[in-house]
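> If you read the protein sequences in the order shown, they are chains R and Y. Every letter in the first sequence is one number past the one before it in my numbering, and letter 66, counting from 1, is 66. Every letter in the second sequence is one number past the one before it in my numbering, and letter 100, counting from 1, is 100.
Just so you know, these hints were derived from the structure itself, not from any lab. Hints may contain errors.
For chains that are exact copies, the list does not tell them apart, and a pair is met inside one copy or across any two.
[Said to hold, decoys possible] Mimicking SDA-like on lysine to any residue, the simulated pairs with C-alpha atoms at most 20 Å apart in a straight line are: (1) Lys-89 to Gln-106; (2) Lys-2 to Ser-43; (3) Lys-122 to Met-101; (4) Lys-91 to Thr-59; (5) Lys-121 to Asp-65; (6) Lys-89 to Met-101; (7) Lys-122 to Asp-65; (8) Lys-122 to Leu-84; (9) Lys-89 to Pro-62; (10) Lys-122 to Glu-81; (11) Lys-91 to Val-110; (12) Lys-57 to Leu-95; (13) Lys-57 to Ala-99; (14) Lys-25 to Lys-57; (15) Lys-91 to Ile-108; (16) Lys-121 to Leu-82.
The chain contents come next:
Number of protein chains: 2
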Amino acid sequence: MKYVTIGEAAAAYHIPESTLRYYEKQGLLPLMERDAAGRRLFSEMQMALLETVLRLKQTHMPIHDIRQYIAWVIEGESTTELRLDMMTKHKQAVLDEIASMTDALQGIDVKIERYLTRLQKK
Amino acid sequence: MKYVTIGEAAAAYHIPESTLRYYEKQGLLPLMERDAAGRRLFSEMQMALLETVLRLKQTHMPIHDIRQYIAWVIEGESTTELRLDMMTKHKQAVLDEIASMTDALQGIDVKIERYLTRLQKK
DNA sequence: ATACGGCTTAAACCATGGTTTAAGTCAACA
DNA sequence: TGTTGACTTAAACCATGGTTTAAGCCGTAT
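Please take these sequences and the hints and turn them into a complete structure.
Structure, rendered in structure tokens:
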């Protein structure tokens with residue numbers, strides 16, 4: 001198994017190291033290993049978890065929910081139904097948010113059109 | 001012209017009155033009128049501004065930017081180009097965010113599929 | 001030997017976007 | 001006249017999601 005340092009993990013995803021420490025403290029990156037000097041070692045599992053965390057953040061899932069999801073992942077297959085339920089609901093929330101933004105975009109388009117017309121007439 | 005109270009304005013958009021007071025303090029609802037007793041009077045212009053504010057919030061525009069936009073609206077047609085520029089950039093930011101969420105949704109779908117399959121096999 | 005880069009911690013700090021509290025004013029109705 | 005109900009304010013409080021600071025430890029290249 002290959003391990004990477006916090007600096008390498010941070011560079012891999014273009015995020016600050018402090019964010020990774022914060023995520024670990026929040027329970028988003030559990031079971032973190034350490035070397036003899038106390039430095040964090042990101043295993044392939046940690047990197048996979050991190051990628052999942054970042055993808056969930058990309059869809060605006062709150063840290064509280066991500067923590068629960070990650071805990072279920074660690075707990076194993078007995079939590080499959082819970083995870084399915086959470087992801088299904090979250091997917092719908094994301095679709096709703098996209099729909100809301102798409103809807104609001106129309107108001108923005110109306111303004112853009114109005115401003116273009118107004119500038120044309122000058 | 002018709003005026004509505006803060007309670008009516010809040011009810012009209014299903015938001016707390018405290019939020020409206022906060023928005024006014026933040027400069028999102030300028031030129032607010034008052035009755036003899038010091039109570040806010042929302043004119044039709046205020047209601048139109050409020051609707052704009054809420055639509056911009058719906059697309060995650062920060063308060064700082066909304067304040068600038070509203071100030072330009074109040075300033076008049078001389079700010080048309082500035083507003084056009086802001087809305088054009090904001091539209092792109094919204095499209096980018098929608099694309100990012102849509103992209104992340106695929107990872108969620110993969111998980112949902114996996115969990116469904118896993119449960120089927122039981 | 002020492003200095004430097006990369007890591008460690010706890011705790012303080014910050015920005016954003018409100019919400020809540022406490023104390024008070026005012027209009028209308030009983 | 002007094003008591004509701006709707007409003008007012010400033011200031012404190014809160015949640016979320018980090019970022020920054022200060023002090024220190026370790027390994028290695030000079």
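> Each hint needs a verdict: does it hold in this structure or not?
Now for the hints, and whether the structure bears them out:
For a Cα distance limit of 20 Å, the shortest separation of Lys-89 from Gln-106 across copies, 15 Å, qualifies, whereas the shortest one inside one copy, 26 Å, does not. In this assembly of identical chains, Lys-2 and Ser-43 lie within 20 Å of each other by CA distance solely inside one copy; the values are 6 Å within and 65 Å between copies. Taking the shortest alpha-carbon separations for Lys-122 and Met-101, neither the intra-copy value of 32 Å nor the inter-copy value of 39 Å comes in at or below 20 Å. Taking CA atoms no more than 20 Å apart as the test, Lys-91 paired with Thr-59 passes in both settings, with 9 Å inside one copy and 19 Å between copies.
Taking identical chains as interchangeable, the C-alpha atoms of Lys-121 and Asp-65 are never at most 20 Å apart, the minima being 52 Å within one chain and 27 Å between chains. Taking the shortest Cα distances, Lys-89 and Met-101 sit within 20 Å of each other both inside one copy (19 Å) and across copies (15 Å). With identical chains, the CA atoms of Lys-122 and Asp-65 are never at most 20 Å apart, being 53 Å at best within one copy and 27 Å at best between copies. For the identical chains of this complex, Lys-122 and Leu-84 are inter-copy neighbours only, at 15 Å across copies versus 57 Å inside a copy, given an alpha-carbon limit of 20 Å.
Taking CA atoms no more than 20 Å apart as the test, Lys-89 paired with Pro-62 passes inside one copy only; the shortest distance there is 14 Å, against 27 Å between copies. In the homo-oligomer, the alpha carbons of Lys-122 and Glu-81 lie at most 20 Å apart only across protomers (12 Å), although the nearest pairing inside one protomer, at 62 Å, exceeds that limit. Proximity of Lys-91 and Val-110 under a CA criterion of 20 Å is satisfied inter-copy only: 11 Å between copies versus 29 Å inside one chain copy. Taking the shortest Cα distances, Lys-57 and Leu-95 sit within 20 Å of each other both inside one copy (15 Å) and across copies (18 Å).
For a Cα distance limit of 20 Å, the shortest separation of Lys-57 from Ala-99 qualifies both inside one copy, at 18 Å, and across copies, at 14 Å. Taking identical chains as interchangeable, the C-alpha atoms of Lys-25 and Lys-57 lie at most 20 Å apart only when both belong to the same chain, with a minimum of 16 Å there against 31 Å between chains. Only between protomers do Lys-91 and Ile-108 lie at most 20 Å apart by alpha-carbon distance; the minimum there is 7 Å, versus 26 Å within a single protomer. Taking the shortest alpha-carbon separations for Lys-121 and Leu-82, only the inter-copy value of 16 Å comes in at or below 20 Å, while the best intra-copy value is 59 Å.
Comparing the model with each numbered hint stated earlier shows that hints 3, 5, 7 do not hold.
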